[in-house]
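Per the numbering used here, residue 90 is the first one in the sequence shown, and the count goes up by one each step.
By construction, these hints were calculated from the structure, which means they are not laboratory data. Here the structure is a predicted model, which means the values were calculated and not measured. Each statement offered as a hint is correct.
Computed cross-link-like contacts, DSSO-like style, restricted to lysine-lysine with a CA-CA straight-line distance of at most 27 Å:
1. 175 - 392
2. 122 - 175
3. 241 - 192
4. 122 - 396
5. 241 - 392
6. 241 - 215
7. 392 - 215
8. 396 - 175
9. 122 - 392
10. 396 - 241
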Amino acid sequence: MANIREVARLAGVSTATVSRVINESGFVAEELKERVRRAMAELNYRPNNLARSFRQNRSFMIALMISDISNPFFTSLVRGVEDVVKEGGLNLLLCNTDEDPEKERSYVEVLIGNRIDGVIMAPTGKAQASVEAFGRHGIPVVFIDRHLPGMKVDAVLIDNVSGAYEATTHLLRLGHRRVGIITGLENVSTSQEREEGYRRALADFGVTPDERLIARGNSRIEGGIRQTQALLSLPPDVRPTALFTSNNLLTIGAMLALREAGVKVPHDMAVVGFDEFESTPIIDPPLTVVAQPTYEIGMRAAKRLFKHLRGEVRGDHRPVVVRLRPQLIVRESCGARRSSSLPPGL
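With the hints as constraints, model all of the structure from the sequences given.
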């Protein structure tokens, strides 16, 4: 295995120069940096990150804390983060909190103890103390997917209100007036914002929200099953004719419950879900969904974190919150033909 002396010899520089390039310390001319990097690549030289971490009090690692590793939403998002982190010469550590504040706190203690360089996280609803702990140790944090009220933290999010508004409006334009919603944990901003978009759409169509049609629970498949069953148990004159599910796992649960109950989609119940995933085009019927640019969320969050790591963001900066726009993809589950246009003025 190559060592630092061989790299220096091939690059035609001193070992001290190689060390400064590796550790990003001291001034080195760009031309010399490039020679050192080429020599490292040619010799397949990998710096000893453990030794570097002790010298610089760094781990050379980024942590990505996600709320549910089984949720397909995170698959492409993780890829977006990983691509940027690898390009930046660091390593990625994945932490799954399962929406459990205690598990989240446990991870935070471990990450702080191991001198993590920075954190990208989808916080639980009770993550304030954890985020503050990172701040006390000078560890920058960027939120993804959801935010926490009052926390001055950069975030890359989705415009959940507009996405839910568009989904609900689509069902209302198709003639439905009893539109039910299945939403997730009440203390998570994504659930709150998607319910807000749903309510705004009803108001704009002159429909008074029926609280019996608003089903809240956890954000997993079993929650979708349970809440759909509850909606189906309502009296026929109250039961919804259309359903908006506020994440992909809830959508799967709802479809399972509808099939088990013999409810045909979209003939008996129109369905629109929030989140595109691999199976949505091939589920029977193919699902109408609000798609999120998940790769871009991860990529932009990682790039923002690197700005902190490079010292380009002041500690007292005003938080930068980016909201990306989702896209409604119309398929058969809502009862509209994929290529059909909606009536003008609706």
